Amino acid sequence: MGGAVLNGLASEDIQQAAKTMFLSQSIVGLTLVCICLVFSGFVDTKSVLLGVILSILPTQLGMQMANFKVKVLGVFNPKSLAITNITTKWAYTALLLVTVIHFSTVNFTELFLAYVVTTLANLVTPAFS
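According to my numbering, the sequence shown is numbered sequentially starting from 1.
No wet-lab data here; the hints were simulated from the structure. Treat the numbers as computed from the prediction; the structure is a model and nothing was measured. There could be a bad hint or two in this list.
To be verified - With a straight-line Cα cutoff of 20 Å, these simulated SDA-like cross-link-like pairs (lysine to any residue) come out:
#	residue 1	residue 2
1	Lys46	Val33
2	Lys46	Leu9
3	Lys79	Thr31
4	Lys46	Met65
5	Lys19	Lys46
6	Lys46	Val116
7	Lys71	Ala94
8	Lys46	Ala94
9	Lys79	Met65
10	Lys79	Val33
11	Lys46	His102
12	Lys71	Leu9
13	Lys19	Thr31
14	Lys46	Cys36
15	Lys79	Leu96
16	Lys19	Ala82
17	Lys79	Leu97
18	Lys46	Leu113
Unchecked claim - Here are the simulated distance ranges between beta carbons:
#	residue 1	residue 2	range
19	Leu9	Asn107	42 to 50 Å
20	Thr109	Leu37	16 to 24 Å
21	Asn77	Thr105	37 to 45 Å
22	Phe108	Thr87	19 to 27 Å
23	Asn77	Ile35	16 to 24 Å
24	Asn77	Val38	45 to 53 Å
25	Phe39	Asn122	23 to 31 Å
26	Leu37	Lys79	37 to 45 Å
27	Gly41	Leu9	46 to 54 Å
28	Gly74	Gln16	14 to 22 Å
29	Asp13	Lys46	32 to 40 Å
Where a beta carbon is used, it is the ideal one built from N, C-alpha and C, also for glycine.
Starting from the given sequences, assemble the full structure and let the hints guide the process.
Shown next as structure tokens:
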């Protein structure tokens, strides 16, 4: 098989994984936000929504960076792609968290719990494959 074919296959696999992760995290995140809307007097919906976004956005950016390495740079080493994914995810998570803390007033406990629960949605991702 040629390099272009391998690039396409690996890229498609990464894109499919990103879509499936996005779906599972979105379902869990949407459920959390809906629950918060029902209990709006007790839970800060903005904090929960920001926690969900802090979980989903960096995950997708990490997957897209790994996809970029495959498509443009032709990297097929799974360890290298995993390191790129994790490094990108944590860098953007830290950047977004600092931005939220600086520019917004949120309940940090609710934000963190929403982040953790939405991130744990990756455990159910195989059910959507």
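Cross-check of the supplied hints:
Using a Cα cut-off of 20 Å, the hinted pair Lys46 and Val33 holds, with the two alpha carbons roughly 9 Å apart. A distance of roughly 39 Å separates the Cα atoms of Lys46 and Leu9; the hinted pair therefore is violated under the 20 Å criterion. Between Lys79 and Thr31 the alpha-carbon distance is near 33 Å, which puts this suggested pair outside the 20 Å criterion. Between the alpha carbons of Lys46 and Met65 the distance comes to roughly 28 Å, so the proposed pair goes past 20 Å and is violated.
Among the hinted pairs, Lys19 with Lys46 is inconsistent with the structure: their alpha-carbon atoms are about 25 Å apart, more than 20 Å. Taking the CA atoms of Lys46 and Val116, the gap is about 16 Å. The hint holds against a cut of 20 Å. Of the pairs offered as hints, the one joining Lys71 and Ala94 is violated, with about 26 Å between alpha carbons and a cut-off of 20 Å exceeded. For the hint pairing Lys46 with Ala94, the CA-to-CA distance comes to about 19 Å; that is within 20 Å, so the pair holds.
Taken as a hint, the Lys79 and Met65 pair is honoured in the structure, with Cα atoms around 14 Å apart against an allowance of 20 Å. Restraint check: the Cα-Cα separation between Lys79 and Val33 comes to about 35 Å, which exceeds 20 Å; the hinted pair is violated. Proximity of Lys46 to His102 is assessed by CA-CA distance (about 15 Å); at most 20 Å being required, the pair is judged to hold. A distance of roughly 10 Å separates the Cα atoms of Lys71 and Leu9; the hinted pair therefore holds under the 20 Å criterion.
A distance of roughly 18 Å separates the Cα atoms of Lys19 and Thr31; the hinted pair therefore holds under the 20 Å criterion. For a cut-off of 20 Å, the pair hint linking Lys46 to Cys36 stands: about 9 Å separates their Cα positions. Under the criterion of a C-alpha separation no larger than 20 Å, the hint pairing Lys79 with Leu96 is inconsistent with the structure, at around 26 Å. Between Lys19 and Ala82 the alpha-carbon distance is near 17 Å, which keeps this suggested pair within the 20 Å criterion.
Distance check on the hinted pair: Lys79 and Leu97 sit about 27 Å apart at the alpha-carbon level, beyond 20 Å; violated. In summary, the hint linking Lys46 to Leu113 is supported, as the alpha carbons are separated by about 13 Å, within the 20 Å threshold. The given range of 42 to 50 Å is respected by Leu9 and Asn107, whose C-beta atoms sit roughly 45 Å from each other. In this structure the hint that Thr109 and Leu37 lie 16 to 24 Å apart at CB holds, the actual value being about 18 Å.
For Asn77 and Thr105, the hinted distance range of 37 to 45 Å is satisfied, since their beta carbons lie about 43 Å from each other. Separation of Phe108 from Thr87 is about 25 Å and conforms to the stated range, judged on CB atoms against 19 to 27 Å. A C-beta distance of roughly 41 Å is found between Asn77 and Ile35, which places it outside the suggested range of 16 to 24 Å. A hinted range of 45 to 53 Å for the beta carbons of Asn77 and Val38 is consistent with their spacing of about 46 Å.
Evaluation of the 23 to 31 Å hint for Phe39 and Asn122 yields a pass: the beta carbon distance comes to about 25 Å. A hinted range of 37 to 45 Å for the beta carbons of Leu37 and Lys79 is consistent with their spacing of about 42 Å. Checked against the given bound of 46 to 54 Å, the beta carbons of Gly41 and Leu9, roughly 51 Å apart, stay inside it. The supplied range of 14 to 22 Å is met by Gly74 and Gln16, whose beta-carbon atoms lie about 19 Å from each other.
The hinted range of 32 to 40 Å is satisfied by Asp13 and Lys46, whose Cβ atoms lie roughly 36 Å apart.
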